[in-house]
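Participant: Here are the chains, one letter per residue:
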Amino acid sequence: QKEVEQDPGPLSVPEGAIVSLNCTYSNSAFQYFMWYRQYSRKGPELLMYTYSSGNKEDGRFTAQVDKSSKYISLFIRDSQPSDSATYLCAMQSGGSYIPTFGRGTSLIVHP
Amino acid sequence: DTAVSQTPKYLVTQMGNDKSIKCEQNLGHDTMYWYKQDSKKFLKIMFSYNNKELIINETVPNRFSPKSPDKAHLNLHINSLELGDSAVYFCASSLTSLSTDTQYFGPGTRLTVL
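From first to last, the protein sequence lines are chains A and B.
The opening position of the first sequence corresponds to residue 1 in the numbering used here, with each subsequent residue numbered one higher.
The opening position of the second sequence corresponds to residue 1001 in the numbering used here, with each subsequent residue numbered one higher.
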């Protein structure tokens, strides 16, 4: 079992839908949780960053961390075709320089 | 202005050859990284340099050798290329090596070993 599990998809939704992307993990030492967006043939870019448990909102994006269940989510409201990309979760323990990435979920938002 | 740039963008080469990938960042960051993304999209860190000093060296064959001539540059040299080295290699940088600092990724170098 990998340290971070993420369904590769693809997840196909109509424009305007609410999208839910998820990762589970096994290492209870993880404290920092990130979501990256990666467009085709481009490098990943950081979307959301959360420390420990709780919610964080930024525009149409909400990140949730449930450390008791070892489960993190990214919600996208009013999804747009421009949101079509691969979304990677990443996690890091305190004091570690090394992030552990999920394999990414491919999202397709069709008009 | 490109923040993190890599050259070349594509690299096709034969097994056994030696090749280099260059990375430059103009963000004034102290820390730079090399990542490998395989065909299944897993992104794994290979190396990290902070102020030209190696701080992360993950389980990577010693055919891979990073070199940081200055804070703004981190190059990756690969000897005796193998088929399994085919992947996309990303360079990234961050202000410092703290976990909380955002990493900015380059566009990637797609390496194909024939």
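No wet-lab data here; the hints were simulated from the structure.
Fair warning: this is a prediction, and the values are worked out from it, not measured in the lab.
Warning: the hint list may mix true and false statements.
Said to hold, decoys possible - Interface residues of chain B toward chain A, partial, derived using beta-carbon atoms under 7 Å:
#: 1; residue: Gly1028
#: 2; residue: Lys1041
#: 3; residue: Phe1042
#: 4; residue: Lys1052
#: 5; residue: Leu1054
#: 6; residue: Gly1084
#: 7; residue: Ser1097
#: 8; residue: Gly1106
Claimed, not checked - Computed list of chain B residues with no C-beta within reach of chain A, every gap over 12 Å:
#: 9; residue: Met1015
#: 10; residue: Pro1061
#: 11; residue: Pro1069
#: 12; residue: His1077
#: 13; residue: Arg1110
#: 14; residue: Leu1114
All C-beta atoms in this analysis are idealised placements derived from N, C-alpha and C, irrespective of residue type, glycine included.
Participant: None of the hints should be skipped; say for each whether it holds.
Facilitator: Against the structure, the hints:
1. Gly1028: Glycine 1028 (chain B) check fails; min Cβ-Cβ to chain A is 18 Å, beyond 7 Å.
2. Lys1041: holds (5 Å)
3. Phe1042: It holds, given that the least Cβ distance between phenylalanine 1042 (chain B) and chain A is near 5 Å, below 7 Å.
4. Lys1052: Because about 16 Å separates lysine 1052 (chain B) from the closest Cβ in chain A, which is outside the 7 Å limit, the hint is violated.
5. Leu1054: violated (11 Å)
6. Gly1084: violated (18 Å)
7. Ser1097: Holds. Min distance 6 Å.
8. Gly1106: Hint holds; glycine 1106 (chain B) Cβ to chain A Cβ min 5 Å, cut 7 Å.
9. Met1015: Correct as stated: the minimum Cβ-Cβ distance to chain A is 25 Å, above 12 Å.
10. Pro1061: holds (18 Å)
11. Pro1069: Holds, because the least Cβ-Cβ distance between proline 1069 (chain B) and chain A comes to about 21 Å, which exceeds 12 Å.
12. His1077: holds (21 Å)
13. Arg1110: violated (8 Å)
14. Leu1114: holds (20 Å)
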